[in-house]
Every structure is written in structure tokens, then in C-alpha cells.
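Please build the complete structure, drawing on both the sequences and the hints.
As given, the protein sequences belong to chains G and S, one line each in that order.
In terms of UniProt numbering, the first sequence has 123 at position 123, counting the first letter as 1, and numbering is strictly consecutive.
In terms of UniProt numbering, the second sequence has 72 at position 72, counting the first letter as 1, and numbering is strictly consecutive.
Misleading hints may appear alongside valid ones.
Said to hold, decoys possible - In silico DSSO-like cross-links for lysine-lysine, where the CA-CA straight-line distance does not exceed 30 Å:
{"#": "1", "chain 1": "G", "residue 1": "K38", "chain 2": "S", "residue 2": "K38"}
{"#": "2", "chain 1": "S", "residue 1": "K59", "chain 2": "S", "residue 2": "K38"}
{"#": "3", "chain 1": "G", "residue 1": "K159", "chain 2": "G", "residue 2": "K138"}
{"#": "4", "chain 1": "S", "residue 1": "K6", "chain 2": "G", "residue 2": "K59"}
{"#": "5", "chain 1": "S", "residue 1": "K159", "chain 2": "G", "residue 2": "K23"}
{"#": "6", "chain 1": "S", "residue 1": "K77", "chain 2": "G", "residue 2": "K6"}
{"#": "7", "chain 1": "G", "residue 1": "K6", "chain 2": "S", "residue 2": "K6"}
Bear in mind the hints are in silico, worked out from the structure with no lab data behind them.
Please read all numbers here as calculations on a predicted model, not as lab measurements.
Number of protein chains: 2
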Amino acid sequence: MEFSSKLLENAVYEISQLPGIGKRTALRLVLHLLRQPKEQTERLSFALQNLRNEIRYCKNCYNISDVEWCEICANPKREESLVCVVEDIRDVMAIENTGQYTGHYHVLGGKISPLDGIGPGELNIEPLVRKVEKGVVKEIIFALSSTMEGDTTNFYIYKQVHPYGVKTSTIARGIAVGDELEYADEVTLGRSILNRIPFENSLKS
Amino acid sequence: MEFSSKLLENAVYEISQLPGIGKRTALRLVLHLLRQPKEQTERLSFALQNLRNEIRYCKNCYNISDVEWCEICANPKREESLVCVVEDIRDVMAIENTGQYTGHYHVLGGKISPLDGIGPGELNIEPLVRKVEKGVVKEIIFALSSTMEGDTTNFYIYKQVHPYGVKTSTIARGIAVGDELEYADEVTLGRSILNRIPFENSLKS
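Structure (C-alpha cells):
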């Protein structure tokens with residue numbers, strides 16, 4: 001792409017560094033901003049820089065939070081001894097949306113992925129082990145995505161916390177509610193048969 | 001969406017104001033920026049603000065340009081008397097990419113669209129008419145998209161410049177090179193028969 005302006009080229013380049021945004025889309029976004037009042041671009045730049053510079057994480061669960069302890073960790077009604085291990089804030093939001101979970105979270109900030117240069121040291125695994133060691137945490141639910149990286153991460157944490165006698169589980173994998181069996185992949189369908197649940201339990205929710 | 005941080009919510013909101021970007025995508029982009037070095041967010045914010053504040057348009061064709069006269073208008077090899085009327089800079093880039101056009105451009109900055117509150121006064125139509133009046137422009141090629149708004153804009157400009165005896169044309173509409181006839185829409189196919197070209201001409205390029 002040949003641009004008639006360096007300023008334009010630079011703005012398009014920086015936007016196209018974001019994941020899933022190519023040069024064409026970046027140009028479309030920049031031209032949109034040019035048609036809007038200056039204040040919109042100012043607010044956008046300011047909001048991004050502000051977030052990046054002022055970002056803080058909850059001291060207990062490592063979720064993004066404006067205060068030392070996030071709302072969930074600060075809520076005395078939530079069970080401190082039950083911890084759900086997730087990858088990032090989106091998973092916390094998704095589980096909170098269900099309204100079914102009453103424990104705490106622990107946000108790892110990623111998964112172990114040697115190919116991307118992410119080892120256990122890059123993730124918030126150590127603080128979780130400390131909480132288990134202190135006896136604060138009695139049960140851990142693994143809610144990472146079921147990829148090789150997710151399984152590796154689960155297993156790594158499991159090996160660290162198992163000696164302390166903590167209860168561990170992973171969220172159930174199975175056919176989504178409302179899905180047709182014929183379209184399910186065989187791994188999921190196979191697991192859903194192996195890990196079948198008593199019929200009475202399925203009536204509960 | 002419930003956010004655990006006002007800073008995060010604000011950044012997601014501002015990004016989701018861009019066209020085609022919803023809250024989920026905005027959150028994904030923001031989380032990506034948080035995983036990158038601070039400098040990337042700084043560069044992005046700076047590039048956007050810089051563009052928005054310093055943006056300049058070519059005095060002759062109204063294309064985005066860092067200097068008074070854009071590279072095309074300043075090039076003595078380009079025909080000043082032939083002007084291609086386009087909507088925005090993307091159209092200029094697309095036509096320049098073909099390497100077939102040797103004239104100037106005139107960037108309108110949009111199309112007449114009463115529903116969006118865009119009248120002829122909001123577009124750069126007046127300066128084009130002045131150039132025709134002065135006798136600088138001898139031929140105009142309309143290259144707006146063939147929608148109702150595009151056709152209206154073409155006709156509005158045509159009525160203004162026609163009295164000065166300027167030659168006007170629109171780019172050819174027809175079946176794209178390499179396309180199958182059976183998939184073409186009937187309007188395009190119909191026009192391509194009405195506006196057929198001598199076979200010898202089709203051998204040229």
C-alpha cells in the first residue's frame with residue numbers, strides 16, 4: 001500500500017499491529033476517525049494510554065482491578081477456600097455471567113506455552129501455590145481451555161498443589177445444552193459418555 | 001458486560017465506537033495491548049492523535065497529504081486537464097494501483113446523502129466547479145460507487161459543470177475480468193451488453 005501521507009501511513013501501521021486487523025481495515029478505521037470530531041480520537045488515545053499506564057491487578061486473584069482487592073475477592077459472601085483457575089479476565093466475566101459460581105478466582109494471565117516462550121515463571125502460578133500451602137484454599141477448579149497448553153498448565157499446577165491434599169477438579173466437558181449429537185466432535189462425545197452423570201443430577205438446573 | 005475496572009471499561013467503550021468493532025472484539029484488542037510493552041500503546045495513541053491534529057489536505061485535489069500539493073498534483077507529467085472524481089483516498093489508491101491513469105483526481109470526501117445529513121455543501125464540489133469554470137479542467141471521469149447516492153452526486157456535479165462544455169464520462173460498469181456470466185447480476189450484465197465495446201478495443205490491454 002502506497003500512502004500519500006506519512007502521518008496516515010504511521011497511524012494505519014500502528015492500528016494494523018493489533019490482532020485480526022489488516023491494513024485495509026486499519027485504513028477504514030483511520031478514515032472513520034478523521035470524519036469524526038477531534039475529541040473522539042482524543043478520548044480513544046487517552047483511554048488506551050490511561051489504561052496501559054494505570055492498570056492494576058487484584059492482589060489476591062490477579063484479575064484487572066482499580067483497587068487493591070477486586071470486588072469478588074473483597075466480597076465476604078464469596079467462598080475463599082474454593083478457587084477457579086482461569087486464563088484471563090474474559091473467563092472470569094463469562095463464569096460470573098452464569099450466576100452459578102460462589103467462590104474466588106485465580107487469573108493466571110496465560111497458559112504454559114514453550115513455543116511462545118511462556119513458561120510457568122511468566123504466569124501467576126506461584127501465588128496460587130502459596131495460598132494452598134497456607135491452607136486458605138481447599139478446592140481448585142481448573143477452567144482453562146482444553147488445548148494441549150491448557151492441559152499442560154493444569155497438570156503443572158496439579159503436581160504443585162497435590163502434595164498439600166487440596167481437592168482438584170476440571171469443569172465438565174460435554175455436549176453443549178441444545179446441541180445436536182450428530183454434529184458433536186467424537187472426542188467431546190466420547191468424554192461425555194465416559195463422564196456421564198446420574199440422571200437425577202441433570203434435573204437440578 | 002460487567003467490568004471489574006473503570007479504566008478497562010472506558011478503553012473498551014472507546015474502541016467499540018469504531019465501525020465494525022463490538023465490545024467483545026474491543027476487549028480482545030485491549031487485553032492484547034496490555035500484554036505488549038507500554039511503548040506499543042504509546043505509539044498507537046500518539047500516531048492517532050498526531051494524524052487527527054496535523055492532518056492536511058492537498059489544496060488542489062483534497063486528497064490527504066502532508067504537503068500543500070500532493071505528489072500527484074505536483075507531478076508535471078500528470079494531465080491537469082483530466083480529472084477523476086472519487087469519494088475518498090481509498091479510491092485514489094485503488095486507481096493508482098492499476099497504473100493505467102495519468103490524470104489528476106478530485107476527492108469529494110463523501111457522497112450526497114440526505115439521509116445522513118450530507119448535502120452538496122459538505123463535499124468538495126465547489127472547488128471542482130471553479131476549476132472547470134477557469135478552463136483548467138477539460139474532461140471529468142466520475143468514479144463514484146454506483147449506488148443511488150453515487151448516481152445523485154454524479155448528476156449534481158454534471159448539472160454544474162455541463163454548461164462549461166466540459167467532457168464527462170463514468171467508469172465502465174461490466175462483468176469483472178475472469179468472472180463467470182452465470183453468476184453476474186442482471187443489471188450489470190444488461191449494462192455490459194448495452195455498453196458493449198468494439199472487439200478490437202478489447203484486445204488492447
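Now the hints, each set against the structure:
Taking the CA atoms of G:K38 and S:K38, the gap is near 24 Å; set against the 30 Å cutoff, the hint holds. Our distance criterion of 30 Å between C-alpha atoms is broken by S:K59 and S:K38, whose separation comes to about 38 Å. Taken as a hint, the G:K159 and G:K138 pair is honoured in the structure, with Cα atoms around 15 Å apart against an allowance of 30 Å. With a C-alpha separation of about 17 Å, the suggested pair S:K6 and G:K59 falls inside the 30 Å cut-off, and the hint holds.
Between the alpha carbons of S:K159 and G:K23 the distance comes to roughly 37 Å, so the proposed pair goes past 30 Å and is violated. Between S:K77 and G:K6, the direct Cα distance comes to roughly 23 Å. Compliance with the 30 Å bound is thereby established for this hinted pair. Taking the CA atoms of G:K6 and S:K6, the gap is near 34 Å; set against the 30 Å cutoff, the hint is violated.
Checked against the numbered hints given earlier, this structure breaks hints 2, 5, 7; the rest are met.
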